[in-house]
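What follows is each chain in one-letter form.
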Amino acid sequence: MKKGYFGRWGGAFIPEVLHQTFVELRHAYEDARRDPAFWQEYVQLMGNYSCRPTPLTRADNLSRHFGGARIFIKREDLNHTGAHKANNVMGQGLLVKRMGKKRVIAETGAGQHGVATATMAARFGFDCTIYMGEEDVARQRPNVFWMEKLGATVVPVRDGARTLKDAINEAFRDWVTSMDDTHYVFGTVCGPHPFPEMVAWFQSIIGQEARRQILEQHGRLPARVFACVGGGSNAMGIFQGFLDDAGVELVGVEAGGKGLDTGEHAARMVGGDASPGVAQGYKTMFLQDGDGQMRDTHSIAAGLDYVGVSPILADLGDRGRVRFEAATDREVLEALSLTMRSEGIIPALESAHAFVQAFKEAPQMDADQALIINMSGRGDKDIFTIAHAFDDPSWKEFIISRGREYGG
Amino acid sequence: MNLQSELARRLNEKPILLMTHLVLGYPSFAVNREVIRQMADNGVDCIELQIPFSEPMADGPVILKANQDALARGVRVRDCLEFAAEMVAAHPGVNFLFMTYYNIVFRHGEQAFLEHAADIGIRGTIIPDLPPEEGADFHHRSHQMGLAPIMFFTPTSTDARMREVAGRGQGFIYVVARRGVTGAPTEMDAGLAAYLERCRRATHLPLAVGFGISRPEDVAMLTGRADMAVIGTATIRLVDEQGAAAVGPFIAGLLAA
Ligand SMILES: Cc1ncc(COP(=O)(O)O)c(C=O)c1O
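Those protein sequence lines, which keep their order, are chains Y and H. If you count by the working numbering, then the first sequence holds residues 1 to 408, one letter each, in order. If you count by the working numbering, then the second sequence holds residues 409 to 665, one letter each, in order.
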């Protein structure tokens, strides 16, 4: 198969001006991958700076509540900066050091990848610019605050749908000017080769740990593994621990938004609204019209609100290795409430999609079976969005009185 | 006559050729029609007709906005193809090329898109996100149908890469004058001159230089160093600010220096 392709998906559809940059990036990545010392340094860094290995938490209360499979939660929320995004970012940071570049840029949707990149840049001493859709800037204001405090420049993107895909385009526009000293820290397992493969490699640390941990705690492999799918990096991260175990069913959960039949969702692998396309440097299933124009997407979770999906996951879907499902905004809030009250754990809105599907399936499974939910991030950073979604009266009162205070 | 020979013929008569650009349906097909007439009447050699795309990654703010406005007005690929057929028929003295992003071609079907383009008399295609590595089928089909797939040289291209890319191209080479996206000015300096010499050594195809070319001085500087000057963002900006009628005098003025 052609390099950078996964079945019929992937590739590197890049403007010629980036050709040499990608040649150098591929070499740096392939060298690092061949060098065991690089991975060792990475694991050490993640242990010392980002709480790895993250725990695999046994969720007995939830298991009892559903009365089926034993539920385990992989705690990527306990990474430094609160999500799995740190894994990818610190890995690429080490690569940037190797390449001798001095500046990093990134796109961000939820703001998690932006905060993680700004953190990495602060730690390694890189200049940092983050592109973020204007709509996401409004939805995730607290993350913008942190990025700026960490020393990054945040550029609100006012083009197109003003969300993640537009931030990606804008980051590429920066990169075609600045590539001599700048690396683009792509945030997920999408984009042109080698990004899907490289980001999947850094995220594979999740699956390596989870496999070891479930064997220790449960004595056997899990029957099913659930992960939410935006671009697909947390899903690929945990799935890679179990890809070769045919008995482990892998389930990717997409954003069902207001419902798959409403057109207001971000489901590419289920629902039948997506079709093959080429954009943002790679070929995959996109939410687009018949002409190939990208459509507006919707999700309560900014990190899942994206038109494309990992070419690696599209291929695993084609081959039947990964099953795809979708969770609606409403189901997400219910699962979130239940998880907070019964386990004292606050998943990110993105991660809560995986919880929804696991909760649907757990009761039908046997008591001696285990399932793992990949909790990609923590939800307390979404406090404005979550409080708004719950329409919480006392929170509103607080905001109004703060507003009055600031308004003079 | 193929596009390369056609351009060579024209170069016997004038020192440098002009290629202009517009975004189809922006601000309207009616304005496009008038702009193209003015360009044709003032001796423009080639015109890039950009079919709008929602994710124009290689374009700067002006062309990006033009793409988005056209789409917001409901412009469809089908409308663009019909309008292009009308323009090609109306202006036999101009070589028209389609410029767009690969997804537009991919959704339409490579074969169907190229057949349609060839049918209506389009001379070539400019697809900035289809590098040789991904475009083997497309380029092969283009050659078979007598359409020139335009390849790019950039300041980051090595000599070896330029030769490799040129081997795939026909018609002319689009020489990107600087790093970055469309729209910002380009410094006409010794570095650019040296780069153009490097381009010249890498291919026998004519060199069309674009990105940031907007003034008579720019065109004068390219004369003798390149074969065609490409005016992109400048005319869109001009039409935005002064209307279609300003295009004719602007084009005439470019060659006056
Ligand atoms: C907490 C969290 N989970 C999931 C995602 C979705 O990304 P991916 O599918 O690449 O894991 C994001 C993206 O921002 C996120 O912040």
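Some hints could be false.
Under the rule of at most 16 angstroms between Cα atoms (straight-line distance), these lysine to aspartate or glutamate pairs were calculated in the EDC-like manner [stated by the list, open to error]:
1) 360/Y <-> 325/Y
2) 101/Y <-> 197/Y
3) 3/Y <-> 541/H
4) 2/Y <-> 494/H
5) 2/Y <-> 545/H
6) 97/Y <-> 174/Y
7) 97/Y <-> 31/Y
8) 97/Y <-> 197/Y
9) 101/Y <-> 35/Y
Since the hints were derived computationally from the structure, they do not count as laboratory data. For clarity, every value in this text was computed on a predicted model and none was experimentally measured.
Does residue 2/Y pair with residue 494/H here, judged by a C-alpha cut-off of 16 angstroms? Measuring from Cα to Cα gives roughly 40 angstroms; hence the hint is violated.
Mind checking the alpha carbons of residue 97/Y and residue 174/Y for me, to see if they're no more than 16 angstroms apart? violated, 20 angstroms
Holds or violated: residue 97/Y and residue 197/Y, Cα atoms, limit 16 angstroms. violated, 20 angstroms
When you check the alpha-carbon spacing of residue 2/Y and residue 545/H, does it fall within 16 angstroms? holds, 14 angstroms
Would you mind confirming whether the straight-line C-alpha gap from residue 360/Y to residue 325/Y stays at or under 16 angstroms? holds, 11 angstroms
Agreement of residue 97/Y and residue 31/Y with the hint, judged by alpha carbon distance not exceeding 16 angstroms: holds, 13 angstroms
Under the criterion that the straight-line Cα-Cα distance not exceed 16 angstroms, is the pair residue 101/Y, residue 197/Y satisfied? violated, 21 angstroms
Is the Cα-Cα distance between residue 3/Y and residue 541/H 16 angstroms or less? holds, 10 angstroms
Take a quick look at whether residue 101/Y and residue 35/Y sit within 16 angstroms of each other, Cα to Cα. Violated. Residue 101/Y to residue 35/Y sits at ~20 angstroms, over the 16 angstroms cutoff.
When the structure is compared with the earlier hints, violations turn up for hints 2, 4, 6, 8, 9 and for no others.
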